[in-house]
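Enquirer: Here are the chains, one letter per residue:
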Amino acid sequence: MKVTKGLITAAGEPHRRIPLQTLVDSEGVTRTVLAMLVNEIIGSGIEQVCVVVPPGEEAEYAKAAEGFGDSLHFLPQDGHPGYAQAILRADDFLGQEPFVHLVSDHVYVRGSEGNLVKRLVEIASTEGCCVSAVQPTHESSIGRFGVVGGKPLAGHHFVYSIDTVIEKPTPTVAEESLVVSGLRAGYYLAFFGMHVFTPELLTILNRQCANSPSGSTSVSQALAEIARQSRYLAAQSDGRRYDLGPKYGLLRSQLALTLNGKDREELLAGLVDLLAAHPVSNGRQSGE
Amino acid sequence: MSRLVGLITAAGEALRDEPLSRFCSGATAEDLFTECGALDAFQNASSNLYERVRAQFFLSAIYRYYLPPLLETAQGGVIPHDGIHYLLERRFEEAIRSFQQALSSDGASESLATALAAAYHGLGFQTLADQVRRSVRLVSGNRWMFRMGHPLDHPLTLHEELLKPSAGAYPTLAESTPVRMDLSHSGWSDIFFLGMDYPQGARVLNVSIDLSVRDRAGDRSPRPPIQTYLRVIDEPVLRLVSVDLKAQADLTCIDDVFDFGRDHLGLLKAAVIASGLIPAGLEACGLPLAPLLATITGKKGHGLELVSSVNEIPRGSRLAVSTNLLASLIALCMRATKQVSALTGGLEEKERRLIAARAILGEWLGGSGGGWQDSGGVWPGIKLIEGCTAKEGDPEFGISRGTLLPRHRVFDRDEISDSARRKLQDSLVLVHGGMAQDVGPILEMVTERYLLRSEREWQSRQQAQRVLDEILGAFRAGDIERLGGLTHANFAGPIRDIVPWAGNHYTDLLIDAVRQRFGARFWGFWMLGGMAGGGMGFVFDPAAKAEALTALGEIMLTTKRRLETALPFGMDPVVYDFAINERGTHAELLRGGDALLPPAYYTLRLPPLVRQPLSALTQGQRSDLALFGEATRTRPAMAPLAAVLLDHLLPHDQPKESSDQEGSLPQLLSSLSFDKVQHETVRAALLHGRVGLAHNSLPSAWRYEDVTPGEIVDARRPMPASAQTVGEEALRSGAVAVLTLAGGAGSRWTGGAGVVKAINPFIHINGAWRSFLEIQLARSARSMARYASSVPHVVTTSYLTHGPIREALNDTANYGYPGPLYLSEGRSVGLRLVPMVRDLRFLWEQTPQQALDEQKQKVRDSVRAALAQWATAAGEGSDYRDNLPSQCLHPVGHWYEFPNMLLNGVLGRLLAENPRVRYIQLLNVDTLGANLDAGLLGAHILSGSALSVEVMSRAVDDRGGGLSKVNGRIRLVEGLALPDESIEYRLSYYNSGTMWMDVDQILSVFGLSRNTIGDSARVTQAVRETAARVPTYITIKDVKKRWGHGQEDIFPVSQYEKIWGDMTALPDLSSQFMIVPRKRGQQLKQVAQLDSWLRDGSAAYVEALCRWA
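So the protein sequences, as listed, match chains W and F. Oh and the first sequence: position 71 is 67 in our numbering, straight run, nothing missing. Count along the second sequence starting at 1, add 453, and that's the number in our numbering.
Since the hints were derived computationally from the structure, they do not count as laboratory data. Owing to the predicted nature of the structure, the values given are computational and were not obtained by experimental measurement. Just so it is clear, CB atoms sit at the ideal spot from N, CA and C, and this is done for glycine as well. Incorrect hints may have been included.
Just a sample of chain W residues kept apart from chain F, beta carbon distances all over 12 Å, derived [to be verified]:
hint: 1; residue: Glu54
hint: 2; residue: Glu135
hint: 3; residue: Ile138
hint: 4; residue: Thr166
hint: 5; residue: Glu171
hint: 6; residue: Val175
hint: 7; residue: Ala181
Ranges between beta-carbon positions, derived for each pair [to be verified]:
hint: 8; chain 1: W; residue 1: His134; chain 2: F; residue 2: Asp1100; range: 18 to 28 Å
hint: 9; chain 1: W; residue 1: Pro242; chain 2: F; residue 2: Arg590; range: 26 to 36 Å
hint: 10; chain 1: W; residue 1: Ala206; chain 2: F; residue 2: Ser500; range: 55 to 65 Å
hint: 11; chain 1: W; residue 1: Gly241; chain 2: F; residue 2: Ala795; range: 52 to 62 Å
Below, a sample of chain W positions facing chain F; criterion: calculated Cβ distance under 8 Å [claimed, not checked]:
hint: 12; residue: Pro132
hint: 13; residue: Ser136
hint: 14; residue: Glu163
hint: 15; residue: Thr168
hint: 16; residue: Val169
hint: 17; residue: Gly178
hint: 18; residue: Gly182
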């Protein structure tokens, strides 16, 4: 199986402006979030990337990801809203080929494996199946992610065979269905926002939409079906993903990128200065 | 290898299920000690939980039942105090080591055997409880709640639908849940310990039902009796409201949620924790609730309100109301926090199981404990609930044979037809008999007997399983007449064979009365739940049901009236209407004008709101008022509430206590020669700290020594022939009378319920239920027959017991007693006082107290904190008047019982009518084995003493003093008079309460004689002077206050008393002391003693002493 295409969904509410935000990446280069994501995909050897954007904002997004030439395509999500519909919007672009998929409201700090997209593509190519990046996530946070249950794949390090996928589970549900051996108690494998999908996903999404009275479906449901019917793997990363959406999400992400990059010392010095100017009050006056 | 260890570890069932008794009966003490050594080593080493527990129960039974008879005359050492201390602290292994050390160093004794029995018994139940607790925590879906230690990690958020306001108010999520009744529980096979060790035998046929109480205003057709509600409120609190208990609280701190005993909202708190809303891991974090509530609701300044209602179904219904209420609240909270998929409607099987597991967790948190099938109301219709064998992957695998959670198989209409279901409804009359009893001791007995495989009970257990299959067969066939016959046979057979105490005199009378009235139209009795007297069923020919519904109410009420002074009733009986519930627990989302809470909620919550200016109310509170106003205008059912609310708002005159009303407290006090001066003296001394629990003790500088064998008479061996002859002669000549003390309220017997213990029909002997008094008289009757003489029998009474005892004797012609019988009415009475907090603290902190299981102890600590607050709020040292008048009074101690005979002239009459009487045997009504023994009487006569006191070797539970040499004089010392608790355990002998008195010598101590006892002025003076010579003790007793529908609260109250045993300290009174066997001296103080009393042969011993009319 050869993977040559990539898909970024960026039209979803309520954080649709997030990919346009500018951050300084680990190399010290100022880029938009979108440019960072495209860079990650192209760097893994993918040739063509499609970005699904809000209608009428194609030019703005194109400007935010300049410098990738003809590799980049923008499609407005002008039909039904929703995550699944955003993927289906790229049906024609993707054809019947496997593809890399990234969500646009996260940035990624690489772990020891280097380019994680590249690792996913390698596993998918070898095993001939869908592969999602996952990260052990504490039960207090799993209510924000899709979470997978499964078991370690024999002969592979940190690769799991997925049995089930549940979107935003409670710890109660997670404990019943999503416990994976080898993880610390209270930790579950949550999606990292990075996947390689086969065309089977589009087939299922199309079918589920057709069968749904509202004409919509959820990606998690489709992934759960893939997990039931086909081989579906998860690759654990020791990199970190940072959600840009929550309060201070952007600031945290920036700090994480810089603390893992060449400007680390400069940032730490700045932080020390800030802390000195605004000491933590524990009953004593500054300067005492 | 030890034979008993081999039996426990046997692979084959035949050997494994062999009863312990088969080996132990006939074994020598040496054999038994050898087996005990092997069993102890085995229970220490075994990794298999149930094998270990079984060994512990074997050890307990051997030390309790099989060794003591072989050690009766052994001169072994006393029970070491440190061992007792460990026992009270629930440090059972250390207690066992301490007792074993004493056994090796001092030799075996009956006392040490009872101590070891108690320690192994405690260890066995502790091991089992720990395992259930571990299993509950390990059920998947429950574990995360124990890991979560900080509110910042809280993972749950509220369902979006609950956050969409409509007409200014948030919607209300309402859950309706049925209760459950068991067609059969196969001999209490649903106890966790049984289900987990013997899953193949754990089977319950369980039906979900809707209910309504007949003839209660406002009640209509049956409906799910449990209604629970959850909604978002615009106040940053967790509001808990129980409309039935009229209790509400706004919790603002996380720790408040874990404070179970503070109010009547413990069950709601347990549900909040068990549902994960406030996970168990947050206990004692000390943080405020508001930020956590803001996280859960996603709205700052907002909170949650949880409301429960059980449609006034009374407590003790045996329909698992509390477990299903817990499950309902848990389901509600889990729906609201998206832990189950459906916000409204029914539940999936997986979710029902999860809720059942959480309900078990909640029961454990709240310190209660139901069976694993009690949350059956969560499921629909009729189901068979069965134990499951633990498989690999289950947390119980390798630990116990069965899993914690059972399997539910709901029967469809093909298996049990609509017609059969309808027929059951047409035939069954469900009732609550009015008795509300603690079923806990029954469940402990069942567990113990199962583990010992007691032969008869084990066979009954097998039979109970066959009966379940037959009941199911009859139900499938729609043969309800047969079904009724089978439930009746189940009660009369296996259930009462396993635990005789599951039935009682009341139930038997009801069954007889129903049978008499309905004849063949009565198809059978049906015991619901753990024991009879509360929830019960009667199965009738459908044609008779309408008549039966009315008749049963009348029969129960008449029978209750007859027995209510003798048995602990919590309320008047009620009859229910019921229907099978076919949908299980079910939820709906109420919005706008439909988001109404139960009517009683508004009478509880609205009055304080209405008194505030509108501007001070939150938007939500204003919406509540508007909603309520609209409902009273537009909904006929709500209209009367406006008047009720108005009634709550308008001022009322305080009800005045009418002093002339018969039975009122002032009237009782004046009729009972209440000594107001004495009362005020005691109160003043109490308030000034001159008397109190800490002041009861004798000086610590005195010497308190144990007596040596040569200093007392050992009457455990046959008495000398000379004594026997003298005693027989006295009995033949009519020189002996019996004085039975029956004036006490027997507060330990019924936990302060105020029942007259003397006439409590507590045991079924020789074809009938017998009371303590009847046994006393039957014993005297036998002596009369044996010695062909007359034995005058005096029964002392008090304000509480006189009327009921007199009536019982009249109704039964003195229970057929052929001799002279006198009632000595005690007129001395005290008025109970609200205790001083320092006395409560002394009682709880300075006196030895039995520690409870970890969670129960937390609840108890919380209750005690609340009681100390109550004492302060009610006024320390003030009169205790907030109860029934009879519960506010107290007898002033049994020292007054003999003087009362002087004051009321009974002794004068007795001696005038029976001039030969020279000796009186004085004993408590609950000492059943102390007959008129010629040898003991002879020893008393020959000693020439004024008093001969019967003592016995101390058993581990004998607390409250003993026989001591105080500064060289041998006397009885009360436990509360000992300056140091450890002294008590150095005393080998315990007062049995039975004494032989030389009438003339005792009179002379009072300064009286046969000739002067008719002089009332002189008698009064003599009693007053002698009373001044014996100490007065301040004590704290528990009294029950009943309220609502079968609810009970227990309050500690202060009272004072004088004790007859202190007469042995008077220098001018000569005493001797005789050691008697335990079977003779044993007093029955608590219902929990009954089972071992029956099993250790004491009951048979007593029966042999009696001659029934």
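Enquirer: None of the hints should be skipped; say for each whether it holds.
Expert: Results for each hint:
1. Glu54: Consistent with the label, Glu54 of chain W stays out of reach of chain F, its closest Cβ about 32 Å off (over 12 Å).
2. Glu135: 5 Å, violated
3. Ile138: Label violated. Min Cβ-Cβ 7 Å, cutoff 12 Å.
4. Thr166: 5 Å, violated
5. Glu171: 5 Å, violated
6. Val175: 7 Å, violated
7. Ala181: Label violated. Min Cβ-Cβ 7 Å, cutoff 12 Å.
8. W:His134 x F:Asp1100: 18 to 28 Å: Distance hint for His134 of chain W, Asp1100 of chain F is violated at roughly 54 Å.
9. W:Pro242 x F:Arg590: 26 to 36 Å: For Pro242 of chain W and Arg590 of chain F the Cβ distance comes to about 32 Å; the hint holds.
10. W:Ala206 x F:Ser500: 55 to 65 Å: 58 Å, holds
11. W:Gly241 x F:Ala795: 52 to 62 Å: Roughly 28 Å apart at Cβ, these two residues miss the hinted range, so it is violated.
12. Pro132: 15 Å, violated
13. Ser136: 4 Å, holds
14. Glu163: 11 Å, violated
15. Thr168: 4 Å, holds
16. Val169: Because about 7 Å separates Val169 of chain W from the closest Cβ in chain F, which is inside the 8 Å limit, the hint holds.
17. Gly178: Cβ of Gly178 of chain W sits 16 Å from chain F, so the hint is violated.
18. Gly182: At 5 Å from the nearest chain F Cβ, Gly182 of chain W passes the 8 Å test, so the hint holds.
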